[in-house]
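Chemist: Here the structure of chain X is known, so what remains is to put chain W in place on it, guided by the hints.
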Amino acid sequence: MTGTETHPGPASSPHTTRPHPAVEPVLCVDNLHVTFPATPHSQPVPAVRGLSYQLHRGEILGIVGESGSGKTAALLAVLGLLPDRTRITGSIRLHGRELLGLTERELAAIRGATVATVSQDPLAALTPVHTVGFHLAEALRLHQPRLSRAQVKDRIVALLRRVGIPDAERLPDAYPHELSGGMRQRVMIAMAIANNPDVILCDEPTTALDPTVQIQILDLLATIRRDTGAAIVLVTHDLGVVAEIADRVLVMYAGQPVETGTVAEVYRHPRTPYTMGLLAALPRVDTTDPAPPAPISGTAPPPTAPPRGCPFAPRCPIALPACTAEPPALQPVDPTAPAGHRAACHRLADITAHQWTAADLYPQPAPASPTRPPRDQRSTVLAVDSLVKHHPLYRGSLFRRRAGAIHALDGVSFDLREHETLALVGESGAGKSTLLTEILELARPAHGRITVLGHDTATLTPQQRFALRRDLQVVFQDSSSALDPRMTVAQIVAEPLQIHRYPRRDIPHRVREVLSLVGLDSSFTQRRPAQLSGGERQRVGIARALALNPKLLLLDEPVSALDVSVQAGILALLTELQARLGLSCLLVTHDLAVVRHVADRVAVMHLGVIVEIGATEPVLTAPRHPYTQALLSALPVPDPDAAHRNRTVLSGDLPSPADPPVGCRFQTRCPKFRTLTDAERRICTSQPPPLRPLGDTDHQVACHHG
Amino acid sequence: MPPSGPATSAPRPPAPPSARWPAGLRHPRILVGAGLLILLTLLAWLGPLAAPWGFTERDYTSFLQPPSARHWFGTDGSGRDLYVITLVGLRKSLLIGLLVAVLTTALAAVVGAITGYFPGLPDRLLTWLTDLALVVPPLLVLAVLFPIVDKGGWVALILLLAAFGWMVTARMVRAATRSLRHHEYIRAARYLGASPTTIIIRHLLPNLSGLLVADVTVNVSAAILAETGLSYVGLGVQPPDVSLGTLIAHGTRYATTHPWMFGFCTGLLVLLVTAVHLLGEGLRDALTRGIPVHRA
Chain X
1 MTGTETHPGP ASSPHTTRPH PAVEPVLCVD NLHVTFPATP HSQPVPAVRG
51 LSYQLHRGEI LGIVGESGSG KTAALLAVLG LLPDRTRITG SIRLHGRELL
101 GLTERELAAI RGATVATVSQ DPLAALTPVH TVGFHLAEAL RLHQPRLSRA
151 QVKDRIVALL RRVGIPDAER LPDAYPHELS GGMRQRVMIA MAIANNPDVI
201 LCDEPTTALD PTVQIQILDL LATIRRDTGA AIVLVTHDLG VVAEIADRVL
251 VMYAGQPVET GTVAEVYRHP RTPYTMGLLA ALPRVDTTDP APPAPISGTA
301 PPPTAPPRGC PFAPRCPIAL PACTAEPPAL QPVDPTAPAG HRAACHRLAD
351 ITAHQWTAAD LYPQPAPASP TRPPRDQRST VLAVDSLVKH HPLYRGSLFR
401 RRAGAIHALD GVSFDLREHE TLALVGESGA GKSTLLTEIL ELARPAHGRI
451 TVLGHDTATL TPQQRFALRR DLQVVFQDSS SALDPRMTVA QIVAEPLQIH
501 RYPRRDIPHR VREVLSLVGL DSSFTQRRPA QLSGGERQRV GIARALALNP
551 KLLLLDEPVS ALDVSVQAGI LALLTELQAR LGLSCLLVTH DLAVVRHVAD
601 RVAVMHLGVI VEIGATEPVL TAPRHPYTQA LLSALPVPDP DAAHRNRTVL
651 SGDLPSPADP PVGCRFQTRC PKFRTLTDAE RRICTSQPPP LRPLGDTDHQ
701 VACHHG
Chain W
707 MPPSGPATSA PRPPAPPSAR WPAGLRHPRI LVGAGLLILL TLLAWLGPLA
757 APWGFTERDY TSFLQPPSAR HWFGTDGSGR DLYVITLVGL RKSLLIGLLV
807 AVLTTALAAV VGAITGYFPG LPDRLLTWLT DLALVVPPLL VLAVLFPIVD
857 KGGWVALILL LAAFGWMVTA RMVRAATRSL RHHEYIRAAR YLGASPTTII
907 IRHLLPNLSG LLVADVTVNV SAAILAETGL SYVGLGVQPP DVSLGTLIAH
957 GTRYATTHPW MFGFCTGLLV LLVTAVHLLG EGLRDALTRG IPVHRA
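Chains as they are written, first to last, in my numbering: chain X, 1 to 706; chain W, 707 to 1002.
Chain X with its partners taken away, still in its complex shape (with noise of 0.2 Å):
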């Protein structure tokens, strides 16, 4: 799957496809409440609190809310998959048909035929054990019996050709661990449209995958949409996302709905407090604005114990003590303005009076503006020259040997000055993780040199290495992994303290320092990371890496695993710290947005080689390299006017780390490659593009024709 096009964005011509208002809702979700049954440890948990909806032929609504909302639960309750004893009230009606109260086998008729799902691990809603064929002629067989052997098998083939499977003939006799994730995806909508179902529910279709793929789901849900007239739930936790593909938009909070109705209204005139900060903390690339992100204090309440009034009152910027008395209710924002935009705020009439937006209720951050001197005249923190890792692959289980490597690093080199943010930016298999972990290691690399802080890491004795690591601290993705389970917060603070033979006496005090330094009070000291939310076990492993005043932080995907509105806050944490305490730091993120709100330089990374690197402001505004290009294009962005761009759609996914293309990795999936004549693609080909810089400056790319 070679090749490239440009062409409009996935939701450009819903309104051609948006029925007539009077025709019956295909699906009709009323007053919708699940309840989760108490276990012998928990109560129990009323996950969603009244949700109503409508979902006509061919439209998209996007349920978007973070962790705990209980998106996924009104979805999975539509198809009766919640597991037993779990309370569902309200009515779910199906053509009109109650769904409420089947029985499993009448639900099973329905589930596959008329109503789809697609789920974010195609991995593993896939049984390894089958081929893609099989999975596929199941789910045909189930609700059509009567279809022959070769009718069954030109479907199959029919339908991979329709979700854009290139060797449509081949595929079926593939094991889903030989595909790709966006591969497995395809298989996985495949599989829902098989039955030409009037309703497909997706469950964060996307959110395993890297962008440039992503952006391909989507489009082919989108076309899927348009071709059956299918309707589609889309449930995620991405604002960009649903901008990009959805016609409606219903936003959730604590099991409760927020705010409905189109993306546009809902977009560009948000009438809740929750729906404006969840929008004005989102990273946004398009920016130029050099702050973080708005935060939103506070976390979610609990939720076994939802609070009785508005659930978002004690973290609103503008909640009044009439809001915990009630929930508010869904009401119409302007008895005149277009249909359905709904909102439930219980200061609803005052924001619409106001014109209040999200800039009035969530001050930004100040933008960090440390004065430092000029790049050329700050000394080098980290370097790393022409660094190669291979990660040998084996065959054979008595007599291994060698068969091939890994290129997970071929030839990386970049340099990180003082009191500098570097971001290295790059989809999964880049080797972001792998050059992380090589400098980590402090050890002598294969080929390549890594100069930290001066010390050249191959000649490092094993004093001077633990002595190192002092001034060399990590900060990494996941904090419920990154904490050991069993100690108390002060102890996981103070043990690189212990480590490094702090002063007894003064270890306390150090710990108690660093913890407000972060924002976490002395409450904390003696939780356990199970007990603290998502956002704090991220201050503490950020309170960890920074107890011993390091000179070099290394971060390592610091906010990916958190919600939007949390997000946002460690983002302006790290900012205001890197500037306070003068850090360098080196932060690996897959997000081109958080990038743009923190970092002051940036490095594209592509199947283990720098693709481009120089100052943020030039690379984003101004990319010089095909993949930057792309990577760029293909960011959902949360604006529905932006989405409507044309953008650079990569077909195909990542090459195999294990057998790159010779010469220039990208070209398999270059959009430039294809535009160029025989001659010119011939260096393409043949020789790996080193790293040029453009004029004067330093932004460096590495393309033949860039």
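Because the hints were derived from the structure by calculation, they are not lab data.
Errors might be hidden in some of the hints.
As the list claims (entries may be wrong) - If you want the ones that stay clear, here's a sample from chain W, every Cβ over 10 Å from chain X, calculated:
#1 Leu804
#2 Leu845
#3 Asp856
#4 Gly858
#5 Phe870
#6 Ala894
#7 Thr958
#8 His983
Stated by the list, open to error - Estimated spans, in silico, between C-beta atoms of each pair:
#9 X:Pro44 with W:Arg959: 57 to 65 Å
#10 X:Pro503 with W:Leu752: 49 to 57 Å
#11 X:Glu441 with W:Gly973: 56 to 64 Å
#12 W:Phe824 with X:Ser67: 32 to 40 Å
We put the CB at the ideal spot given by N, CA and C, even for glycine.
Modeler: Below, chain W alone, put in the same frame as chain X:
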């Protein structure tokens, strides 16, 4: 508002039981198991004092007599008081069971943690050794090494039993360690500069405690049963020492004709193994509840 913002204001769920030890230990299974075990221990050491008979004393007026006010558990063929003998046997079985189990699990934890933590040569060497120890039939080796047991007494037996019991646990600990090793908190400790010993003692073993405690209890019963089996074929505890195993071995012949010769020692064995299992399961639950760690 400061840029970092207050981190929390929401009400907080109560601490999971694991954070509060005493409450976590008030689990019915722990209470019953520990209570039973203490009762059995007291019985084994203090019980014989209550009887008017000594361990070597014989009552030449009653041979193979059923339980009575004079002999609470009856007498055996040579007129010895079965109550005293059974409790002395229980004493030995308790000692052997607990010591062997603790030794086995400790050895397995050390070997497993080292092999799991250090890939490469130590891992391959120790794994090879473990596999070797697994395929050698213990009964055969014990038979060959019987002279040592004969000379060294029950201490030698304990060491031998421990030497043959650690392999399966070690493999389990190794597997758990290998998956824990990739947890970021282990990596984090490593990158902080913590030595492997520190990491194993501070992070790895505590997080395997649920598995290890469960394993000790399994090993207690395994050791008692192994000793019983060995004694049954004559390779275990040697006379004049007695254990529940030798008593059962001796008593089986009389199981149908003189059930008291068989019933009391077997009953105590069942009770002992049950107590240990209850305690172990309860402890494992108490240690791992609310904490995402490995469970056996």
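Chemist: Hint by hint, note whether the structure agrees.
Modeler: These are the hints, each one checked on the structure:
no., hint, result
1, Leu804, "holds, 26 Å"
2, Leu845, "holds, 30 Å"
3, Asp856, "holds, 42 Å"
4, Gly858, "holds, 40 Å"
5, Phe870, "holds, 28 Å"
6, Ala894, "violated, 6 Å"
7, Thr958, "holds, 43 Å"
8, His983, "holds, 21 Å"
9, X:Pro44 with W:Arg959: 57 to 65 Å, "holds, 60 Å"
10, X:Pro503 with W:Leu752: 49 to 57 Å, "holds, 52 Å"
11, X:Glu441 with W:Gly973: 56 to 64 Å, "holds, 59 Å"
12, W:Phe824 with X:Ser67: 32 to 40 Å, "holds, 37 Å"
In this structure, only the earlier hint numbered 6 is contradicted, and the remaining ones agree with it.
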